[in-house]
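K.L.:
Read in order, the letters of the sequence shown correspond to residues 1 to 929 in the working numbering.
Bear in mind the hints are in silico, worked out from the structure with no lab data behind them.
Quick reminder that beta carbons are idealized off the backbone N, C-alpha and C, glycines included.
Please note that a few of the clues may not be correct.
[Stated by the list, open to error] 27 Å max Cα-Cα, derived DSS-like pairs, lysine-lysine:
| hint | residue 1 | residue 2 |
| --- | --- | --- |
| 1 | LYS398 | LYS444 |
| 2 | LYS470 | LYS193 |
| 3 | LYS571 | LYS626 |
| 4 | LYS761 | LYS627 |
| 5 | LYS380 | LYS192 |
| 6 | LYS822 | LYS761 |
| 7 | LYS444 | LYS470 |
| 8 | LYS193 | LYS314 |
| 9 | LYS193 | LYS380 |
| 10 | LYS400 | LYS458 |
| 11 | LYS192 | LYS908 |
| 12 | LYS398 | LYS458 |
| 13 | LYS653 | LYS626 |
[Claimed, not checked] Here are the simulated distance ranges between beta carbons:
| hint | residue 1 | residue 2 | range |
| --- | --- | --- | --- |
| 14 | LYS627 | VAL344 | 58 to 68 Å |
| 15 | ILE471 | ASN507 | 19 to 29 Å |
| 16 | GLY525 | LYS627 | 36 to 46 Å |
| 17 | LYS627 | ALA711 | 36 to 46 Å |
| 18 | ASP212 | ASP515 | 22 to 32 Å |
| 19 | ASP349 | ASN507 | 36 to 46 Å |
| 20 | ASN428 | ASN381 | 51 to 61 Å |
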Amino acid sequence: MLNLKRNLLSAALASAMFMVASQAAQAAGQDSAPQDTSQDAAKAPAARTEKKKATELGVVTVSGFAQSLQSAVDAKQSSNEIIEAISAEDIGKLPDVSIAESIARLPGVSAQRVAGRAQVISVRGLSPDFATTLLNGREIVSTGDNRSVEFDQYPSELISGVTVYKTPKAALIGQGLSGTLDLQTVRPLDYKKDVFVVGVRGQHNSLGRAADSSAFGNRVNGSYIGQFMDNTLGLVIGYAHSETPTQEDQVGLYEPWFQVGDGARPGVPAGTYYSDGIKALRRTGHTKRDAVMATVEWRPSDNWTSTLDLFHTKATQKDTANQFEVNLSGYNGSAGGYNVTNPVINGNDTFTGGTANRVYPLVRGMYNSRHDTINAYGWKNEFSVGQVSLVADLSYSKAKRNELNLENNTQLLPNPQLDSLQLGYTSNGFSQINPGLDYSDPSKLFLTNTIYGSGYGKVPRISDELKSAKIGAIIPSPEALSPVISDFEVGINYADRFKEKHQPEGNINVGAQGDTAIGSDLQYGLVDLGFAGIGQIPSWNVPGAVARYMTFAPNEDASYLVSKAWQLSEKITTAYAMADIDTVWGVPVRGNVGVQVQRADQSSSANVFNSSAPVGSQIERFTDGKKYTDVLPSLNLAFSLTDSQTLRLGLAKQVARPRMDDMRASLEFGVDTSTGKPGASGGNPRLDPWRANAFDLSWEKYFGGTGYVAAAFFYKDLTSYIYTQTRDGYDFSSLVANYVRGPNEPPTQTTGNFSAPFNGKGGSLRGLELSASVPLNMLTPALDGFGVLGSASFNDSSVTIRSPENASSVGDGPIALPGLSKRVYNLTAYYEKNGFGARISERKRSDFIGEIGNFNGNRTLRYVVGENIFDAQIDYTFGESSSLHGLSVQLQASNLTNAPYRTYAGSKDRPLEYIKWGRTYLLGATYKF
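Build the full structure now, drawing on both the sequences and the hints.
P.N.:
Shown next as structure tokens:
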């Protein structure tokens with residue numbers, strides 16, 4: 001029954017949903033305008049910022065979830081660009097647990113889960129690298145290695161709405177190539193009275209308690225909106241706290257899968273695809289996040305509005321992977337006795353099971369502590385001087401990430417004990433590892449110098465700082481142009497960004513006491529890996545064990561570590577000119593046409609390990625960069641075919657800045673002493689951006705206030721793409737200047753081979769997006785209160801990535817665009833009436849190539865199996881006649897089916913990760929007065 005339901009929700013969505021919506025639109029009246037009632041108070045802030053050239057739309061006043069739908073629909077309809085929008089049904093009440101999940105429900109948008117949470121966002125089948133994120137119209141920094149914003153840093157309780165621009169306009173600063181996501185907080189003067197909201201929710205993870213970690217969490221939020229001085233001064237301040245449990249079951253296999261040579265893995269036939277190791281773990285821990293948002297809005301006169309925005313978020317994540325792991329390559333300390341018996345090989349020449357003999361399994365503790373802080377400030381002043389509107393906007397944001405990664409490796413001692421493991425691999429569940437020995441007694445597991453040493457540690461840290469200033473003006477059109485052009489917008493924006501990464505690392509060695517078991521006072525108890533056939537293993541305080549029994553001295557000067565640190569500077573000057581169109585060409589037409597000119601000045605500095613330099617001077621400082629200019633024209637037209645039908649056209653040239661870690665100056669450099677030719681691999685500070693020419697066409701039909709049906713087609717010609725290449729003739733003059741030749745070496749050349757990210761041939765990306773929102777009372781009064789909204793997106797691309805970097809699991813040949821799911825579906829069915837609300841939502845995406853952090857903490861590409869995630873909520877809001885007026889209670893459940901996260905190498909019978917994070921239940925209440 002469940003499989004049938006899933007099939008209906010996904011396969012039928014593109015056709016049945018669109019047909020129902022079209023019939024509802026027909027029932028509402030093909031060309032009739034909606035009822036004429038006040039709608040301005042219900043409009044989202046994003047809609048009010050437009051110049052209100054759209055046809056005035058009247059809708060019935062609504063509240064709750066229907067109000068959020070209406071506000072989002074109003075924003076979509078009144079926009080001059082092709083957008084998607086989310087609006088909170090009330091302050092502090094976005095319908096999803098995280099803002100990322102809310103965004104992922106929009107047409108053409110999908111999310112990738114990290115640690116069980118929707119975290120990074122893909123727009124229109126392109127990876128997160130191609131989108132830009134704004135906060136109140138200003139670009140914001142990231143705690144990651146790149147530009148991609150981790151959306152779980154932004155509490156949904158503090159966000160009033162999100163606008164996703166699918167087509168750019170010249171006045172939009174910080175636009176992306178796939179889309180631009182603008183997170184919006186409350187504007188206090190939009191409210192006519194004081195509002196105070198407080199909310200509390202308890203949380204539980206279905207996997208239950210393990211080690212020292214509870215399965216329970218909590219969320220607390222409070223917001224105040226007030227108006228003073230005769231509604232000329234507004235204040236909003238909000239706080240959101242969350243403590244989320246981390247509980248995870250995982251089985252993972254080593255990458256890469258490879259074809260075994262004759263005798264390379266005794267007992268495994270030559271030509272078999274094989275993985276050299278397997279692990280099973282229970283990850284336990286928690287994430288705490290505290291965020292504060294404040295806005296002061298002052299409007300001393302009709303000619304001046306001053307707005308100060310402040311945002312702060314701090315997140316602490318601590319978790320430990322309690323792990324059983326075994327190397328299956330023969331690299332295990334035994335004297336040549338490793339072998340596999342009774343191997344099981346499937347029809348695709350893939351090893352799927354057998355008995356691994358004479359191995360030394362390890363019980364490991366892998367600890368991660370991460371502290372993220374983001375501060376963002378913005379001060380915007382809007383003036384009216386006669387008929388001219390002026391704007392001046394200053395902003396500053398800074399992100400910091402500090403991590404500590406520690407590992408402990410223990411082994412059965414005092415006498416190393418060889419074991420035999422029964423292995424059974426599957427792609428649709430947890431692969432099985434059945435050991436012959438008992439690993440549950442912590443007194444028999446010793447910290448010792450195993451095949452992976454006794455431990456290893458890393459101390460990554462990131463700093464990202466962005467300062468920007470913008471001035472602009474809106475000038476009325478001269479009378480001669482006024483029949484076509486309503487006004488002109490001109491302006492200039494300057495952004496100065498500096499990002500820095502360091503990653504000291506080092507061995508964690510057993511101290512003077514020698515091999516030792518971990519004390520009972522540091523033990524957390526046993527965790528159950530029965531899901532993988534192992535049984536119970538100990539868990540313990542990893543930082544405590546390192547402090548008591550081990551030594552750790554991380555550094556970044558070792559030859560293999562020097563290239564992991566880098567600094568990047570970007571100075572982007574953006575000038576724009578845009579004409580707003582408001583005319584009649586047979587039908588009313590609105591929109592804009594303009595041009596944006598970007599001048600980029602980018603440079604990166606890093607230490608380089610020069611293996612050819614004399615000992616003692618092998619670490620050199622290297623700086624490189626580039627300046628370039630992009631001219632980006634854009635056109636948006638919205639044809640009002642009727643009062644309720646709009647046809648939109650978008651044309652634009654678009655760019656997306658390169659990945660920041662791709663632009664690093666870090667190199668591994670040397671000179672071939674036999675030829676005198678230099679060579680290097682690393683980053684490339686001279687990268688140009690991704691560039692594309694874009695075409696968009698959208699048809700939209702609106703009805704009933706919250707209802708619409710839309711079909712959109714987009715085409716992007718990517719004229720440039722970035723992928724790893726090896727090029728000859730690269731100039732290494734600065735690095736060979738101080739090179740000292742040996743007595744018999746040939747003359748040193750200044751150019752050589754460089755393996756790094758380079759701009760190369762692009763290709764096309766195209767897609768079809770169908771979306772609808774249907775209040776079902778449009779079909780029959782018996783369904784009053786019921787509704788559905790959903791979307792289906794179909795994407796395709798001719799772009800192939802050649803020689804992908806860090807791609808051992810996707811092969812070294814051409815691959816499809818990372819992040820591209822060819823099919824993305826979203827569906828929500830809801831009921832809301834008389835204070836009671838209920839909804840169930842599905843978001844589904846097909847297989848894609850994901851960007852994963854591997855065991856080294858480096859970026860790697862893996863095939864990710866498509867996901868199908870179900871969430872649900874029921875709530876009740878007490879009405880005005882009740883003594884509990886203002887109180888609402890909610891019960892939410894996310895990941896209802898405990899959907900797994902799966903990755904694989906090459907084909908699905910070669911699994912890499914199979915992970916379950918459990919279901920999450922939240923029960924809470926919100927009180928507004």
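K.L.:
Now, for every hint given, state plainly whether the structure supports it.
P.N.:
Right, here's what the structure says about each hint:
no.: 1; hint: LYS398 to LYS444; in the structure: violated, 48 Å
no.: 2; hint: LYS470 to LYS193; in the structure: violated, 32 Å
no.: 3; hint: LYS571 to LYS626; in the structure: holds, 11 Å
no.: 4; hint: LYS761 to LYS627; in the structure: holds, 21 Å
no.: 5; hint: LYS380 to LYS192; in the structure: holds, 22 Å
no.: 6; hint: LYS822 to LYS761; in the structure: holds, 22 Å
no.: 7; hint: LYS444 to LYS470; in the structure: violated, 65 Å
no.: 8; hint: LYS193 to LYS314; in the structure: violated, 31 Å
no.: 9; hint: LYS193 to LYS380; in the structure: holds, 23 Å
no.: 10; hint: LYS400 to LYS458; in the structure: holds, 16 Å
no.: 11; hint: LYS192 to LYS908; in the structure: violated, 57 Å
no.: 12; hint: LYS398 to LYS458; in the structure: holds, 23 Å
no.: 13; hint: LYS653 to LYS626; in the structure: holds, 21 Å
no.: 14; hint: LYS627 to VAL344: 58 to 68 Å; in the structure: holds, 59 Å
no.: 15; hint: ILE471 to ASN507: 19 to 29 Å; in the structure: violated, 54 Å
no.: 16; hint: GLY525 to LYS627: 36 to 46 Å; in the structure: violated, 59 Å
no.: 17; hint: LYS627 to ALA711: 36 to 46 Å; in the structure: holds, 42 Å
no.: 18; hint: ASP212 to ASP515: 22 to 32 Å; in the structure: holds, 25 Å
no.: 19; hint: ASP349 to ASN507: 36 to 46 Å; in the structure: holds, 38 Å
no.: 20; hint: ASN428 to ASN381: 51 to 61 Å; in the structure: holds, 58 Å
When each numbered hint is compared with the structure, violations occur for hints 1, 2, 7, 8, 11, 15, 16.
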